[in-house]
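As you go down the protein sequences, you meet chains A and B in turn.
Just so you know, we're using this note's numbering here: the first sequence kicks off at 102 and counts up by one.
Just so you know, we're using this note's numbering here: the second sequence kicks off at 3 and counts up by one.
Calculated from the structure, these hints are not laboratory results.
From the three backbone atoms N, C-alpha and C, an ideal C-beta is built for every residue, glycine too.
Just to be clear, a hint being listed does not mean it is correct.
Stated by the list, open to error - Residues on chain A that point at chain B, a partial pick, calculated with CB under 8 Å: (1) 200; (2) 442; (3) 517.
Unchecked claim - Derived DSS-like pairs: lysine-lysine, alpha-carbon spacing no greater than 30 Å straight-line: (4) A:513 x B:91; (5) A:103 x A:212; (6) B:4 x A:479; (7) B:4 x B:26; (8) A:479 x B:91.
Said to hold, decoys possible - From the structure, some residues in chain B lie toward chain A, with a derived Cβ separation under 7 Å: (9) 16; (10) 18; (11) 34; (12) 43; (13) 50; (14) 83; (15) 85; (16) 90; (17) 96.
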Amino acid sequence: MKLYQLTIHEARARLVAGEISAVELTEAVQARIMAVDNDVKAYLTLTLEEALAQARVADERRATGEDTPLLGIPLAIKDLLCTAGVPTTCGSRILENFSPPYDATVIARLKAAGAVLLGKTNMDEFAMGSSTENSAFFTTRNPWDLDRVPGGSSGGSAAAVAADECVGALGTDTGGSVRQPASLCGVVGLKPTYGRVSRYGLVAFASSLDQVGVLAKDVADAAILLQVIAGHDAHDSTSLDVPVPEYSAALSGDVQGVRVGVPREYFIEGMQPEVEAAVRAAVDRLADLGAQVMEVGLPHTEYAVPVYYLIAPAEASANLARYDGVRYALRVDDGGLGAMYKVTRGQGFGPEVKRRIMLGTYALSAGYYDAYYLKAQKVRTLVRADFDAAFEQVDVIVAPTCPTTAFRIGEKTDDPLQMYLSDVFTLSMNLAGICGLSLPCGFDTGNLPIGLQVMGPALGEQQVLRVAHAYEQATDWHTRRPPL
Amino acid sequence: MKLSQEQVQHIADLARLALSDEEKALYQEQLSAILEYFERLQELDTAAIPPTATVLPLRNVMRADEPRPPFSRDDILANAPAAEDGCFKVPAVL
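Just chain A, with the same shape it has in the complex (with noise of 0.2 Å):
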């Protein structure tokens, strides 16, 4: 076992036992970043140097008896968060030369828990898309196949925990973007309920479906990243104010009498046989270990894709519209005040970024906002109606995250809608504001990674982890590496 490959438990026994230091563990990781890192991608920045010197005050803190819950522990950051002084971009060309005054809430957390920071990974730009093939700058391969897609937005970071380039990452969820890579990658990528995790300092998308997000190697340090970046925050007045319990106390491998849902609406004709054959065999296994398995109906599922790409776009075009050349970012002076916002918007967003302005300016432009972005919110009602309806019966629900393992680059670009329609598992958890997370649940015969998700109502984290921290335990595909 090298020491790149422990999970944040693994080295914050080591490291509690004094068998190894922060900084022998940074300067692993680091080199395993430098071994592989041509070939997957997943970094846009790396603050190296930075990182040694946070390892260097992990080790003398500890040193002093201190033991803050991640001191030493080398972590990944998707873009879209705010580092103060390290270069944020958010995959796009817009950002590429800011740097942010400030520090994400979430950011600001890890730090006070001793984290050391490795760098900022890629993503699609803005977080929009689904493969990470939309980053300005280039396209992160996933580990367990060097032609094919890690997933997105959140592909850096997912690539970065499953090629362990990082004990583990942030990533950010508004339609799967950390579930759906996680998926693709072989992680554990956990949403946390919406207004359960601090928005203050992700650089926004679709407000009311954002989420910060982690990829972790497995449910334990999903739970214990969880742990350290939840709670209310001041500054976001989207986060709720509840107490934030023991996730760790969840992981007590007892499923017996859980009630576990089965949604008939994410079985369907199109998606790949192993991926179903493998979701379907963890049901089994669920019940094998004493869960209650019963099917339940989201019958709105179906609408799920034109909610979603219609809200989301129509909040982003709101949410972008700051990026105008004047306070900060890119702007390309092109003759008069008109033309500055126009010509830097033009050049500065890449095509996706474009296309979904567009398609949310015309969804909430006088003439067209009651058809679209208004019946959009209702149907969202419904959406949400489905999930406080099983949940009624069901403690967790239990799906596939993707419909396919991960495709090859290029293989979707030339039709955005198809790359829409491959979300259609992950969507409406956004919409219905609820949590879950994805975990590994076997590979094809590609030797790639299938996911398998499970959701629990709002604040239901406790349960989602439980459930998936047994199955997880019951089964070895967490301890996979990818052949790199």
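Here the structure of chain A is known, so what remains is to put chain B in place on it, guided by the hints.
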């Protein structure tokens, strides 16, 4: 739902996006196909359904009207494309 060239130009103007002719043609085609697919929402009777703007039970989250230390002017201007006399410098507005 086929968008016309005029509609595409109008949306681009509203969104303050300068697009090439190729981009306008591409988006016209792609957005039309996407909106066509989205027509299926009209199948649902939502007359009696309230819209969801936020999933949270929170409304009007306030704080005490007490000043707090602001960011330093230098920090804020550090990313400015153009600055002068402690202000952001922009092309003439009027």
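Results for each hint:
Look at residue 200 of chain A: its Cβ gets to within about 7 Å of chain B, closer than 8 Å, so that hint holds up. A cut of 8 Å between beta carbons decides the hint on residue 442 of chain A: the least distance to chain B is about 4 Å, and the hint holds. Because the smallest distance between the Cβ of residue 517 of chain A and any Cβ of chain B comes to about 6 Å, under 8 Å, the interface hint for this residue holds. A C-alpha spacing of about 42 Å is found between residue 513 of chain A and residue 91 of chain B, which places the hinted pair above 30 Å, so the restraint is violated.
Under the criterion of a C-alpha separation no larger than 30 Å, the hint pairing residue 103 of chain A with residue 212 of chain A is consistent with the structure, at around 25 Å. For the proposed pair residue 4 of chain B and residue 479 of chain A, the alpha carbon gap of about 24 Å is at most 30 Å, so the pair holds. The suggested pairing of residue 4 of chain B with residue 26 of chain B holds, with an alpha-carbon distance near 13 Å, which does not exceed 30 Å. Of the supplied pair hints, the one linking residue 479 of chain A and residue 91 of chain B is violated, its CA atoms being roughly 43 Å apart against a limit of 30 Å.
The beta carbon of residue 16 of chain B comes within 5 Å of a beta carbon in chain A, closer than 7 Å, and the hint placing it at the interface holds. Proximity of residue 18 of chain B to chain A holds as hinted, the smallest CB-CB distance being about 4 Å (cut-off 7 Å). Here the hint on residue 34 of chain B is broken, as its CB sits about 11 Å from the closest CB of chain A, past 7 Å. A least Cβ separation of about 5 Å between residue 43 of chain B and chain A falls short of the 7 Å threshold, and the interface hint therefore holds.
With a cut of 7 Å, the hint placing residue 50 of chain B at the interface with chain A is violated, because the nearest CB-to-CB distance is about 9 Å. For residue 83 of chain B, the shortest C-beta to C-beta distance to chain A is roughly 4 Å, which falls under 7 Å, so the interface hint holds. For residue 85 of chain B, the shortest C-beta to C-beta distance to chain A is roughly 10 Å, which exceeds 7 Å, and the interface hint is violated. A distance limit of 7 Å between C-beta atoms decides the matter here; for residue 90 of chain B the minimum to chain A is near 5 Å, and the interface restraint holds.
Interface restraint check for residue 96 of chain B: the shortest CB-CB distance to chain A comes to about 9 Å, outside 7 Å, so the restraint is violated.
Of the numbered hints given earlier, the model fails hints 4, 8, 11, 13, 15, 17; all others are met.
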